[in-house]
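> What follows is the residue order along each chain.
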Amino acid sequence: MAVADTPAEAGAPKAAIFNDPKVRGAVIQIVLIGLIVFLIWGMVSNAATNLARQGIASGFGFLNVTAGFGINISPFVDYAETSSYGRVYFVGLQNTLIISIAGIFLATVIGFVVGVARLSNNWVISKLAYVYVEVMRNVPLLLWIFIWYFSVLRLLPDKANPMNLGPLGLLNIAGYYAPKPIWGEGAIWIGAALIVAIVASLVLSSWAKRRQLATGEQFPVFWTAVGMIVVLPLIAYFASGMPLSFEMPTASRFGPRGGMRVYPEFLGLLVALSTYTASYIAEIVRAGILAISHGQTEASHALGLRSGPTLRLVVIPQAMRVIIPPMTNQYLNLTKNSSLAVAIAYPDLVSVFAGTTLNQTGQAVEVLLMTMLTYLALSLITSLFMNWFNAKMALVER
Amino acid sequence: MTKKILSAALGLTVAGLLASGASAATLDDVKAKGFVQCGVSQGLPGFSNPDAQGNWTGIDVDLCKAVAAAVFGDASKVKFTPLSAKERFTALQSGEVDVLSRNTTWTMGRDTSLGLNFAGVNYYDGQGFMVRKSLGVKSALELSGASVCTNTGTTTELNVADYFRANKMEYEIVAFEKADEVVSAYDAGRCDVYTTDQSGLYAQRLKLTNPDEHVVLPEIISKEPLGPVVRQGDDQWFNIVKWTHFAMINAEELGVSKANAEEMKGSDNPEIKRLLGVEGEFGAAIGLSNDWAYQIVSQVGNYAEVFNANVGPDTPLAIARGTNALWSAGGLQYAPPIR
Amino acid sequence: MSQSNTPRTSFVRTEMVGAEPAPASEVGVVGWMRHHLFSSIPNTILTIFAIYLVWVIVPPLLDFALFSAVWSGENREACTTLVQGGVQLDGWAGACWPYIGDYISQFIYGRYPFDQIWRVNLVFFLFVVGLVPILIPSVPYKRENAIYLFGAFPVLAFILLSGGNIDLNGFLLPDSVMAPGFAKFIVDFLILTAVFCLIGYGVARGTDSPPMPMMRGIAMGFAILLVVILLFGADFGLETVETEQWGGLLVTLVIAVTGITASLPIGIVLALGRRSQMPAVRLFSVIFIEFWRGVPLITVLFMSSVMLPLFLPEGVTFDKLLRALIGVALFSAAYMAEVVRGGIQALPKGQYEGAMALGLSYWQMMQFIILPQALKLVIPGIVNSFIALFKDTTLVLIIGLFDFLGMIQSSYSDSTWASPVQSLTGYLFAALVYWLFCFSMSRYSLFMEKRLDTSRR
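Chains B, L and V, in that order, give the protein sequences. With my numbering as the guide, the letters of the first sequence map in order to residues 1 to 398. With my numbering as the guide, the letters of the second sequence map in order to residues 1 to 339. With my numbering as the guide, the letters of the third sequence map in order to residues 1 to 457.
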């Protein structure tokens with residue numbers, strides 16, 4: 001308190017103790033902790049009695065029990081009906097990660113394009129971008145998912161008559177069937193050549209940067225790199241005797257067989273998630289660009305840069321600092337929103353684990369706890385990564 | 001601090017207010033509140049389906065109405081709670097509903113480990129397959145490589161996995177959260193096969209664009225006895241629901257129907273007399289009035305009437321009695337006698 | 001201008017020539033198009049591409065929604081082709097608006113009893129009456145308005161919608177001490193009041209402040225609470241309507257409005273907690289906020305529908321809608337806390353120092369100085385949270401509540417209107433309604449943002 005400087009303060013000890021902010025703070029905190037502990041204890045004991053009364057098992061033993069149901073999409077994790085519930089969890093996690101990463105990538109691309117388009121001098125383009133943003137973000141995502149999934153489904157040709165895309169494979173209501181590459185003997189050289197090309201490009205770009213800083217001379221890094229990445233594997237391909245062939249999907253009674261398949265549930269969800277999130281990212285990008293003072297653009301024009309390079313080299317690098325924090329939120333939102341997959345049969349974590357597994361085992365507490373903690377961990381990892389990226393992009397203050 | 005305490009008190013009070021006593025005697029609770037709370041599906045034609053005015057109809061709905069008729073002598077004293085497959089058992093366990101009549105399959109696991117009791121089987125069902133006629137499939141064994149639409153959280157998903165594995169056939173499962181979405185996806189052509197309980201297939205077929213283009217395959221791959229469920233540990237209520245169902249079957253067997261229930265009271269047949277409460281004190285034994293079965297039959301009807309009105313040959317579902325015929329007609333519906 | 005001070009040089013013009021009109025290519029429609037559409041070759045390509053996009057999307061959409069649409073009919077025949085058993089020519093595809101017309105009351109009221117719909121309409125009316133003046137900044141009596149909207153209206157709405165007439169059976173004493181009933185409720189309530197008054201007395205004595213004001217405050221609070229509960233318990237002759245019968249837009253609005261109203265106070269407390277000096281309080285707030293923000297809403301709804309019943313003592317049940325509401329309120333409270341924190345942090349430190357210099361206590365400072373300014377700053381943020389919540393309410397259909405979208409989906413199961421265009425029509429209608437709501441709210445948020453912006457400059 002303010003009167004603490006007077007040492008002779010033994011007059012009213014009772015009042016002093018209660019009025020001391022430290023004591024009061026401690027009391028409030030102890031009360032709060034007590035309340036929380038009491039609440040948690042109450043919930044746990046209630047849950048324990050209820051579970052015992054209903055004869056529902058508890059604990060994580062169910063993770064080793066055979067699941068017994070099928071899952072259609074599992075590109076990386078081996079899964080069969082005989083697999084355990086624990087494996088179901090990993091299948092779900094894998095599918096959540098795939099849709100999130102693909103969605104984040106696509107949403108960023110669309111978002112940047114639309115955000116820049118909104119600031120375009122071209123009236124049609126900027127109005128189109130405006131309409132896109134206002135239409136996308138003012139309709140619930142779940143409705144978008146239904147619209148995309150069920151209307152995309154209705155538009156595609158049926159299973160018996162897939163649309164033939166020639167060398168690109170087949171397209172029908174059950175998905176897109178791309179040719180599947182079959183790697184023959186010696187195919188490893190193609191991969192090796194690709195890696196060499198990528199490493200060489202990286203080295204080249206750092207060398208070119210150093211040279212430009214030192215002498216001001218530019219080097220066409222981009223085209224050289226593209227050339228290397230295309231040409232080197234091609235040379236390896238012919239040199240090793242053309243070991244690559246493609247398995248083309250073929251039509252059969254129940255739709256095409258063979259090839260690599262992209263499922264319509266995945267496509268529908270991906271399009272809905274990325275176009276919806278892109279409308280938010282577009283606004284973030286626009287705000288970020290507008291936050292850069294107009295003087296920067298004018299100065300860069302005065303230096304003789306055209307509007308393309310001005311945007312690429314002057315405005316966007318500065319705007320990134322404003323853009324990244326809200327963008328992180330959108331990435332997190334997209335990851336969390338991917339859980340709406342449950343509505344259209346894409347087997348993500350919520351669908352196969354918090355849905356089917358929960359139903360079959362009845363162990364709601366364990367299953368939901370695991371699911372929520374997984375999403376928390378994903379959020380945390382994304383945040384950490386974006387924080388690191390933000391620190392890297394931040395203005396280096398001298 | 002005052003504010004916090006107040007809000008805590010409010011929370012406590014609200015919790016207290018909403019506490020509805022799901023104590024041991026369900027019958028007393030039901031009588032006290034004046035209606036039966038019945039858990040039904042979220043919309044399955046023929047079993048429990050709301051119309052545009054929000055009135056519920058179906059076999060499962062009629063069973064609840066019959067329970068209300070037995071308890072109150074008034075079949076309209078019943079309220080319906082639509083439940084998803086996921087939450088149905090929780091709703092019953094926690095006392096949110098008094099009886100769950102939601103085309104629920106009687107399995108050993110559910111009967112023994114969920115704290116529930118199945119009070120009978122009001123529809124003998126089995127899982128079947130529906131395909132497009134244009135595919136030219138005659139048997140489920142020709143379905144290798146097909147994609148199968150179904151909904152999650154039911155025994156269906158497990159049965160179909162077992163069936164295809166047992167017959168060494170490949171398949172692709174597409175599992176949706178809600179039945180409506182399964183129908184939409186199947187109708188759009190996403191899947192070759194739609195699988196669920198056979199009665200459900202007939203019911204859902206009505207929702208398709210062109211019902212005539214689809215055919216239900218003859219194979220039945222599982223036993224699905226569907227029936228009403230009550231909480232374990234309340235034998236009186238269990239008996240009421242069980243005997244409500246039996247009374248409807250006995251009424252059909254004895255030829256007592258909605259139309260002739262009144263005149264049948266004067267029948268000389270002692271079995272009919274016992275059923276309609278003219279003789280004996282059977283109602284009192286389960287805590288009801290003696291004319292409980294009379295109220296059921298006169299207000300809701302006997303089993304045949306309920307079946308024919310909701311799913312029978314003259315309804316859009318057009319399901320034959322089949323295994324649901326009386327035992328005397330070669331079916332499985334059999335009720336112990338009232339005596 | 002007089003002649004005397006101009007030199008007599010007649011060849012010099014005495015007045016300026018009027019400006020030539022700009023070349024035709026620079027003004028008017030053509031000039032505008034040159035500048036905004038065809039200023040360069042890439043720009044021209046972009047323009048053509050954009051026009052092509054519009055051409056691909058808009059005419060088919062208009063055709064489906066308007067030109068080829070069916071506007072009247074009795075059943076599916078009107079909206080199906082000859083092959084499907086209807087009257088339309090083969091290859092026809094258009095919206096089926098009579099189906100929406102047939103179902104519109106279900107989409108708005110759900111399965112609310114038809115003869116009771118006036119109650120819902122009355123609630124909508126009371127809501128609009130309270131809401132519109134509070135949204136317009138120039139209308140006076142904001143305080144009274146807020147009391148009506150956040151105090152009186154919820155009570156009225158609850159009684160009107162559910163029918164009130166709740167059984168008051170008591171909640172404190174075990175049944176063995178006193179039989180459940182209205183008398184027990186009153187006794188229980190009086191005991192609770194007495195206990196809290198005693199606590200207040202003890203606290204007041206402990207802090208050496210006069211006990212009367214505090215006790216009077218507590219007693220007042222409980223008296224208001226009692227009146228509200230008695231109102232809930234009173235029989236107004238309204239038929240009871242279970243929440244199972246609520247649906248459509250009604251449920252969407254109930255969830256969104258209750259969610260935002262409940263999340264605001266919780267959010268404020270959490271935001272203050274997060275900036276508190278007390279480590280335990282701060283830690284609790286941070287964990288609470290970050291937990292709810294880190295998980296998807298759908299898992300929260302699963303939790304409230306499947307897990308919450310397990311946490312309650314035996315025999316206590318929560319209504320299904322109430323369970324969802326609790327989940328939604330906690331979830332949005334975490335987001336609201338961050339919005340409010342933004343407002344609190346945006347205030348200059350001088351405000352805190354000034355308040356402390358005046359000798360205000362923490363709560364006084366927050367109540368009179370900080371929160372009024374901070375909340376005003378975050379009005380656009382609150383509106384944006386409300387838009388997000390409004391859109392998120394659609395998720396409750398996954399746990400089996402029939403909100404607006406859920407009701408539309410469930411209408412697909414009626415064979416009267418079954419046709420290939422039915423679902424598309426339904427989704428189109430849903431999208432239109434959601435868009436109208438959300439777009440107008442976002443316009444309002446922008447308007448407030450601009451208004452607040454100027455007032456601070």
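None of these hints come from the bench; they were simulated from the model. Yeah, the Cβ is synthetic: ideal placement off N, Cα and C, and Gly gets one too. Some clues are possibly wrong.
[Claimed, not checked] Where chain L lies over chain B, by a calculated footprint (3+ residues, C-beta under 8 Å):
id, segment
1, 61-70
2, 112-123
3, 146-159
4, 253-265
5, 337-344
[To be verified] Simulated restraints on C-beta separations:
id, chain 1, residue 1, chain 2, residue 2, range
6, L, P313, V, P113, 55 to 61 Å
7, V, N121, L, A32, 44 to 50 Å
8, V, E239, B, S252, 19 to 25 Å
9, B, A57, V, V58, 42 to 48 Å
10, B, F60, V, N121, 36 to 42 Å
> A separate judgement is required for each hint: does it hold in the structure or not?
Checked hints:
1. 61-70: With 3 residues close enough to chain L, the hint holds.
2. 112-123: violated (count 0)
3. 146-159: holds (count 5)
4. 253-265: Per the Cβ count (6), the hint holds.
5. 337-344: holds (count 3)
6. L:P313 / V:P113: 55 to 61 Å: Because 33 Å falls outside the window, the suggested range is violated.
7. V:N121 / L:A32: 44 to 50 Å: At 33 Å between Cβs, range violated.
8. V:E239 / B:S252: 19 to 25 Å: At roughly 60 Å between Cβ atoms, S252 of chain B and E239 of chain V fall outside 19 to 25 Å, so the hint is violated.
9. B:A57 / V:V58: 42 to 48 Å: 57 Å, violated
10. B:F60 / V:N121: 36 to 42 Å: 52 Å, violated
Hint check: violations occur at hints 2, 6, 7, 8, 9, 10; the rest are consistent with the structure.
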